[in-house]
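Q: If you read the sequences in order, they're chains A and B.
Numbering-wise, this note's numbering puts 328 at position 328 of the first sequence, and it's gapless, one number per residue.
In this note's numbering, each residue carries its 1-based index in the second sequence increased by 360.
In short, the hints are calculated from the structure, not lab data.
There's no promise every hint is true.
Said to hold, decoys possible - What follows is a set of in silico ranges between Cβ atoms, one per label pair, in the way DEER data are often shown: (1) Ile221(A) to His412(B): 14 to 24 Å; (2) Lys376(B) to Lys353(A): 35 to 45 Å; (3) Ile411(B) to Ser258(A): 42 to 52 Å; (4) Ser447(B) to Ser182(A): 18 to 28 Å; (5) Ser327(A) to Glu378(B): 37 to 47 Å; (6) Ser447(B) to Asn268(A): 43 to 53 Å; (7) Lys194(A) to Lys375(B): 28 to 38 Å; (8) Ser447(B) to Asp91(A): 40 to 50 Å; (9) Asn437(B) to Ile221(A): 33 to 43 Å; (10) Leu81(A) to Glu378(B): 18 to 28 Å; (11) Lys150(A) to Lys385(B): 20 to 30 Å.
Said to hold, decoys possible - Pairs of lysine-lysine, DSSO-like flavour, derived with a Cα cap of 30 Å: (12) Lys228(A) to Lys58(A); (13) Lys375(B) to Lys174(A); (14) Lys347(A) to Lys385(B); (15) Lys209(A) to Lys408(B); (16) Lys384(B) to Lys354(A); (17) Lys408(B) to Lys101(A); (18) Lys119(A) to Lys408(B); (19) Lys408(B) to Lys219(A); (20) Lys150(A) to Lys228(A); (21) Lys119(A) to Lys108(A); (22) Lys184(A) to Lys224(A); (23) Lys150(A) to Lys385(B); (24) Lys176(A) to Lys385(B); (25) Lys375(B) to Lys108(A); (26) Lys376(B) to Lys150(A); (27) Lys73(A) to Lys385(B); (28) Lys150(A) to Lys73(A); (29) Lys176(A) to Lys106(A); (30) Lys224(A) to Lys194(A); (31) Lys316(A) to Lys119(A); (32) Lys384(B) to Lys48(A); (33) Lys58(A) to Lys4(A); (34) Lys375(B) to Lys73(A); (35) Lys73(A) to Lys228(A); (36) Lys119(A) to Lys174(A); (37) Lys216(A) to Lys384(B); (38) Lys184(A) to Lys316(A); (39) Lys73(A) to Lys316(A); (40) Lys73(A) to Lys119(A).
All C-beta atoms, glycine included, are put in the ideal place defined by N, C-alpha and C.
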Amino acid sequence: MIEKDLVIVGGGPAGLSAAKVASEAGMEVALFERSFQLGGQLVKQTHKFFGSQSQYAKTRGIEIARILIEEIKNESVEVFLSATVVGLYKDNIITVYQGNKYFKVKAKAIVIATGASEKFLAFENNDLPGIYGAGAVQTLMNIHGVLPGKEVVMVGSGNIGLIVSYQLIQAGVKVKALIEASSKIGGYMVHASKLKRLGVDIITSSTVKRAVGDRKLEKIITVKLDDKWQEIPGSEEEIICDALCISVGLSPMHQLLSMGEANMLYVNELGGLVPIKTCDYETSLNNVFACGDVTGIEEASSAMVEGKIAGLMAAKHSGYIHPDYDSLETSLNNQLCVLRQGPCGEKIRCGLKKVGEERV
Amino acid sequence: MRVNEHPILNFGERKKIEFTFNGKKMFGYEGDTVAAALVDNGIMEFSKSVIHERPRGFYCAIGNCGSCNMTVNGIENVKTCLTLLESGMVVENDSDEVVVIND
């Protein structure tokens with residue numbers, strides 16, 4: 001059995017940031033990532049980020065991933081790629097599956113930074129090939145340079161739906177329509193305006209009634225919704241397309257924490273089942289910490305800050321005090337407050353209050 | 361189908377890699393996952409639902425959904441979206457056996 005000071009599960013923005021800070025504090029870190037590369041979903045974000053300079057604002061996600069990966073190279077972080085953590089046990093042991101082998105790792109502390117997965121939408125024939133998660137299409141075209149189809153319809157006008165639609169157009173795909181069930185566009189107007197200028201039809205109060213096709217998507221039937229979200233009979237319309245992207249939100253990847261029997265709570269504002277945690281980001285399991293989207297759906301910017309806090313606290317609880325502990329703690333918590341202020345942060349503030357995080 | 365021109369990304373010159381899918385010879389490029397190479401080759405059906413055998417395509421691309429699980433070099437239930445393509449790989453999804461996904 002491998003023994004380490006700290007085990008981090010997930011090599012995205014939260015996990016990488018935790019690894020950096022914890023190793024600076026003197027911990028021997030093992031970082032486990034399911035994919036063959038580090039960076040999480042940043043590696044396909046070709047757009048520039050918002051936020052402030054400390055979270056790499058105005059930098060493209062793909063560049064931020066490179067910076068975060070570079071930052072842990074000189075630290076005492078052992079990285080395990082293509083390694084899926086499949087078990088979390090109460091005595092701070094995890095089990096890992098890598099290359100058809102199964103092994104155990106014991107640590108003084110564990111940081112869970114597993115991120116999120118895309119939600120799905122219920123409609124007839126929603127399993128037809130050609131229906132993809134919006135993030136999957138982003139992976140396909142921005143990492144591999146492969147196109148999902150010629151004519152795409154996007155479902156969901158949150159920031160992911162808006163940004164991926166724009167990126168589809170950049171990659172040379174026709175976006176025939178963007179469909180939104182609510183009467184209002186969900187994401188930032190700056191993204192929606194870009195699409196409108198390019199002539200994309202954003203259809204609000206509308207959803208997918210069914211997909212049609214013989215073993216692969218050929219067209220979709222949309223239907224209008226009234227103000228009580230009920231379908232309006234006779235309002236069906238047909239859109240011919242060979243790909244449909246579903247972008248209806250994300251839910252936290254809670255499975256490991258649930259398996260470890262951490263105290264969990266379903267919080268709608270945070271996207272689903274999340275762990276109850278202390279101000280130090282410790283879950284109800286002793287010395288098991290959590291940060292990033294697994295504790296509530298937000299942006300990569302806040303995941304990076306949360307990751308640093310989790311790294312700082314996991315180190316402290318194991319007896320490693322970071323040389324800049326006091327200034328880091330204050331500055332990181334201030335950064336989070338700034339990221340979550342204003343009307344755009346209201347949902348996350350409300351959600352975090354429900355899990356007992358009082359500092360926001 | 362590949363991206364021709366892109367305002368931000370440059371996929372550059374990449375090495376061509378040969379592999380087989382259900383016995384048929386296909387090509388992908390270095391850095392592709394098996395799943396990405398298959399989509400590029402026009403393959404839409406990645407797996408079948410266990411009971412009704414409905415065709416399932418590529419869905420999440422990050423190892424969550426299980427839709428892209430196939431037999432790769434004789435190993436069953438391989439997540440093809442997280443597996444990098446290698447020269448001479450044998451990829452299959454036409455096995456008659458019902459494979460229980462327990463990964």
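Q: Indicate, hint by hint, whether the structure satisfies it.
A: Against the structure, the hints come out as follows:
1. Ile221(A) to His412(B): 14 to 24 Å: Given a distance of about 22 Å, which is inside 14 to 24 Å, the answer is holds.
2. Lys376(B) to Lys353(A): 35 to 45 Å: violated, 55 Å
3. Ile411(B) to Ser258(A): 42 to 52 Å: violated, 26 Å
4. Ser447(B) to Ser182(A): 18 to 28 Å: Check failed, 48 Å falls outside 18 to 28 Å.
5. Ser327(A) to Glu378(B): 37 to 47 Å: violated, 55 Å
6. Ser447(B) to Asn268(A): 43 to 53 Å: Check passed, 48 Å falls within 43 to 53 Å.
7. Lys194(A) to Lys375(B): 28 to 38 Å: holds, 36 Å
8. Ser447(B) to Asp91(A): 40 to 50 Å: For Asp91(A) against Ser447(B), whose Cβ atoms are near 43 Å apart, the range 40 to 50 Å holds.
9. Asn437(B) to Ile221(A): 33 to 43 Å: Given a distance of about 34 Å, which is inside 33 to 43 Å, the answer is holds.
10. Leu81(A) to Glu378(B): 18 to 28 Å: holds, 25 Å
11. Lys150(A) to Lys385(B): 20 to 30 Å: With Cβ atoms ~25 Å apart, the hint holds.
12. Lys228(A) to Lys58(A): violated, 39 Å
13. Lys375(B) to Lys174(A): holds, 29 Å
14. Lys347(A) to Lys385(B): Violated, because 51 Å separates the two Cα atoms, which is more than 30 Å.
15. Lys209(A) to Lys408(B): holds, 23 Å
16. Lys384(B) to Lys354(A): violated, 55 Å
17. Lys408(B) to Lys101(A): holds, 27 Å
18. Lys119(A) to Lys408(B): holds, 21 Å
19. Lys408(B) to Lys219(A): holds, 21 Å
20. Lys150(A) to Lys228(A): violated, 34 Å
21. Lys119(A) to Lys108(A): The given pair, whose Cα atoms are some 34 Å apart, is violated under the 30 Å limit.
22. Lys184(A) to Lys224(A): At roughly 14 Å apart (the allowed maximum being 30 Å), Lys224(A) and Lys184(A) satisfy the hint.
23. Lys150(A) to Lys385(B): This hinted pair holds, its Cα atoms lying about 25 Å apart.
24. Lys176(A) to Lys385(B): violated, 34 Å
25. Lys375(B) to Lys108(A): violated, 44 Å
26. Lys376(B) to Lys150(A): holds, 24 Å
27. Lys73(A) to Lys385(B): At roughly 39 Å apart (the allowed maximum being 30 Å), Lys385(B) and Lys73(A) break the hint.
28. Lys150(A) to Lys73(A): Violated: Lys150(A) and Lys73(A) sit about 40 Å apart, past 30 Å.
29. Lys176(A) to Lys106(A): Violated. Lys176(A) to Lys106(A) sits at ~51 Å, over the 30 Å cutoff.
30. Lys224(A) to Lys194(A): holds, 24 Å
31. Lys316(A) to Lys119(A): Distance ~35 Å between Lys316(A) and Lys119(A) Cα, so the pair is violated.
32. Lys384(B) to Lys48(A): violated, 41 Å
33. Lys58(A) to Lys4(A): violated, 36 Å
34. Lys375(B) to Lys73(A): holds, 27 Å
35. Lys73(A) to Lys228(A): violated, 53 Å
36. Lys119(A) to Lys174(A): holds, 24 Å
37. Lys216(A) to Lys384(B): holds, 21 Å
38. Lys184(A) to Lys316(A): It is violated: about 45 Å lies between the C-alpha atoms, which goes past 30 Å.
39. Lys73(A) to Lys316(A): holds, 22 Å
40. Lys73(A) to Lys119(A): Roughly 34 Å separates the two Cα atoms, so the pair is violated.
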